Structures are given as C-alpha cells and as structure tokens.
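Novice: Residues per chain, in single letters:
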Amino acid sequence: MYSDVVMDHFKNPRNVGKMEDADGIGEVGNPICGDMMTIYIKVKENRIDDIKFLTFGCAAAIAVSSMLTEMARGKTLEEAKKITNKSVAEALEGLPQNKLHCSNLGADALQLAIKDYEAVKAGKPRPSQSSEDKHEHVEGTTCKCPYCDTDLKTGLELCTHCGREIKETLAH
Amino acid sequence: MKLVMLDYISGNPVLPEVQEAMIEAIKEDYGNPSSSHRLGDQAIEALELARERVAGLINCASPEEIVFTSSGTESINHAIKGIAVANADKGKHIVTSNIEHNAVLKSLRRLSKMNYTVTSVSVDKYGVINPDEVAKAIMDETILITIMHSNNEVGTIQPIKELAGITRAKKVLFHCDAVASVGVVPIDVQELGVDLLSFAANQFNGPAGVGCLYIRKGTRISPLLDGGGQENRRRAGTENLVGIIGMGVAAEIAHREMGSRINHTKKIKEKLIKGLNENIEDIIINGHPELSLPNLVSVSIKYIEGESIVLMLDEGNIVVSTRSACASGALRASHVLLSIGREYADAQGTLVISFGRDSTEAEIDIFLEVLKKTVSFLRNMSPLYQKNHVAVS
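For the record, the sequence lines run as chains A and E.
To convert, note that position 172 of the first sequence is 171 in numbering that gives the first Met the number 0; the numbers rise steadily by one, no gaps.
To convert, note that position 35 of the second sequence is 34 in numbering that gives the first Met the number 0; the numbers rise steadily by one, no gaps.
In short, the hints are calculated from the structure, not lab data.
Note that the structure is predicted; figures quoted are calculated from it, not measured.
Facing chain A, from chain E, some residues (calculated, C-beta under 8 Å):
| no. | residue |
| --- | --- |
| 1 | Tyr302 |
| 2 | Ser307 |
| 3 | Glu314 |
| 4 | Gln347 |
| 5 | Met380 |
| 6 | Pro382 |
| 7 | Leu383 |
Glycine included, each C-beta is placed from N, C-alpha and C at the ideal position.
So here's chain A without its partners, still in its complex pose:
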C-alpha cells in the first residue's frame, strides 16, 4: 500500500520530539479525523535552524511529518513557505488517494508554525494553535471517496464523514 520511502520514514522517523524552547508552534488536525500533528521550529537568522514534530496518526501521517521536517530544515522562511502538502507527498513518492486528505497535513502545520513565529516577532497576538473546530481544505485538495477514489465534490460531505456526525453520504 505504501511506497518504500513512506515506510522508511514511518519506521525511522526523523526529528521526533517536543521542543521546549520553540520559536514557533503549529498544530493541525483532530482525533475525529484521525490525525494530529504539531510542528515546532527554531528560527535563526531567518532560517529554520531546528525543527521537530509530534504526530498522532497512521503511517502516512508519521511519514509526512518526518519528510516535512527534512524538507524544511535549513530553509529560509520564504523558502519554507513554498513547501506544500503536495510537494511533501511527491517527495514521499506518493500517498494512497484516500490518505491525501486526512494524513497530509504536515505543510499546514509548518505554515502555522511560521505564522506563529512571525506573530511573536511582530508582537502580535499568536494565531490559534489548534484547528480543532476547523476542518479546512487547504490549497484546494478535495476529499476522495474511500471506496472508489473519486473526488467528493463538496468537501462538506467529508467533514460530515470525518467529523461531527457520522453519516453515510456515499451512494455506492
């Protein structure tokens, strides 16, 4: 089911752990959906000097977190902002279609961590750490039907599907 790269990052995850003195923290996901990720960054001279993660989730979610930290480490904030969920999935040599949504949250967590860092630096209120009530579809990714891999057009169905009310909305 998973590529060798995914399995390698799952079995030997890089940069695991909590960072006590992080400059920025980004949290995404909720346990209803299945995955939660926290990304910690340490910034030095506008570069991501150190990065760590904590993840609750399936093998895909762990591999995504691990790969993301490897991709972001050493990058300038401007470069890191360009990392997308799609580019992480590509670096992992692909993810199963039905994992693309729920598990592929790493880049979102990184973007939140950068925003958090920038807010602190600018003396602004820190953005909400948790997106527990949010279930946003970032960068236009649509949800896939877990049975046939087709796009679920309205996103709304998947939120219902992953979230508050478990309702079978799929017609097949």
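Once you have looked at the hints, place chain E on chain A.
Specialist: Chain E only, in chain A's frame:
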C-alpha cells in the same frame, strides 16, 4: 522468523484435513449435483454428507434446514432481504442493534430505501443489548429482528435465547448473525430458538468462499439468487462443491474439538489480558468481561493510532487487526466502538487480537514484547500522549 498469527477473525488457517479433502474433491468431485448420471450422484452424496456435518455443528432438526451460500455476507443478505420480500404483506418494519456487521447494516439501509423502516436498539458499555428495549421496539408491522450472536469487534455475546423467546411470543422472525461464533462457541439453533442463522467456514479453519444460512423449517423466505432449483430451490447456482466439502470437514472437526478449543483459547485470552494490563499503561479492554468470545480480545491503546501499530507489529512478524478508521479504508471510526462509548481518539487506537486452536502461549509472550516496544515508540511521538502525561504528572 515464524509468523505470529493473531488475526483469526479475518480468516483462519485451513486445517490439513480440510486441505486434503478439498484437494481430493478438486480431482474427483467435479460432477454437478444437478446431473442425473453417476457423476451427479457422486456429487450429491458429497454435498449431502457436508450438509449433515454442518447441520450437526449447530444441531439442526434436519439437514435440509442448511442452505450453502458463498459467505457469511451472502447468508445475511439472503436472510434479511429474503424475509423482507416474502413477508412484506405482513409489514415492513425490522429491528436491529447499533453494533451489527456492515452486511446487516447495509442490507437494512438498502431496504430502508425501499420503504421499509428500521429500529436500531442501543447497547450498554459492554456492548450488551437490553432485551426489554427489543421487546419495546416490536410493533404490529414488525416482520424481523436481526441481532448478532457475538460481536466481531469486541467479542460480546448477546442473550440470544432470551431475545428469540421474545420474538417468538410476538410471532416475529428472528435472524442471528453468528459468523463470529459458529465453530468457536457451541451454537444450538433449537436451544436458541432462532429462525435463521448465518455463518461461514473461514471462522472455523475452513475455506473462505463458503457460508451457510440456517432456515428453520416452515420459514417464509424468498431466494436472494434466482435461477435453478439448487439447495431446495432456496439458492440458485451450481454449488461450490469443493468449498462445501471443506466446510463439512471443518465443521465436523470443530464440533468434535469444541470443548478443547474453548479451554485452550480461554487460557490464551486470560494470559493475554493479564499481560496487556501488566505491560502497557492507559489501555481499555473492550467488551463484556465474561459474556464474550474466548478467542478474541479488543484493546484500545490510548494516544496512538491503530494502523501504525499494525504496521509496526507486522515488521516484527506479528499480524493483528485494528479498528482504526485510517486502516479501515472508510476513514470513519468504528460504529461499534463509538456505540459502547469509546472516544474517537481511543477508537483509533483499537486492536482486535484473535487466535485459535493452533495459537500458543509463547506467541502471546512474543506479541506482548513487541507490542510494548511499539507502543512506547509511537507514544514517544504522540502529541496526545505528551499532553496527557504532562497534565497528569
């Protein structure tokens, strides 16, 4: 390293005696039981011997009450849809429970789109149905009650005899999905008093692809498959004779070994539960402490996710099942675990460990050792674990 197989609920290893009978049947019993010539006679003989053996396992009044199908799922579909169609003139209401298998849930969902109505009763924290609730749910239009004998996710066994007594008094038919129970615990259809009972060979060391539906004599039911007159005109289609022969042998052995299998699996279950409690903190053992299958343990391991655990264990040559939404493909938490009150996150970290006649206590030791390492590895990177443990300490 030898594989430690702890996923019997997904399918049992086929016993050597069963394999031999099936290989022999592939060579010799290629005749069609519907033929009038000698090959047909030979096939009928093999078919009826298997029917007798399977009937013996669940103590049918007559072997004719056994209909061979392709699976537990087909049996369930046949029972529910066949009763619904044949009894629609009496009413269109069906009662079930919140923790049934998808074969039941989705058959009922299909019927509800065809103007049937369904009442689903809840279960307690152990997954046990309250018979009073079932009695209350029965109306004049009720034609069928369908409730499982034991739950395939948490192992809880329902008070079927009592439930069937209620439905009998109200002249409503009772179907029991006994797929997880037949061959594992004694099932006597006459004692239980059920009208229909579904089961499958791959739950008792027989082949996949063969199931049975027990239909009490005199029950009004339509076929699911229309065509030829096979299986007393109850299930059309040329019989899967090789599979049926395998099921017959497996049934005969399961019947004979029932006592020793239960003793053996009970011992393993006790050891496993004790070992889980001693080795891993923050776990919940699901299901009823006594009224449950002897060959299955469901455990929710807090703060981590099931698919990750299963894949890590697989790396250590151990196979188990998970009820995690991520692994199920449906991306939804198990309806059974939510029904017994598990939190979403705890449902995600739930393993189903199931075993059988050839499982050993040494395998449980290996499992516990690898599981302990796996849990610690995954908790170390879990934000939920970090939060809860900082909060606690």
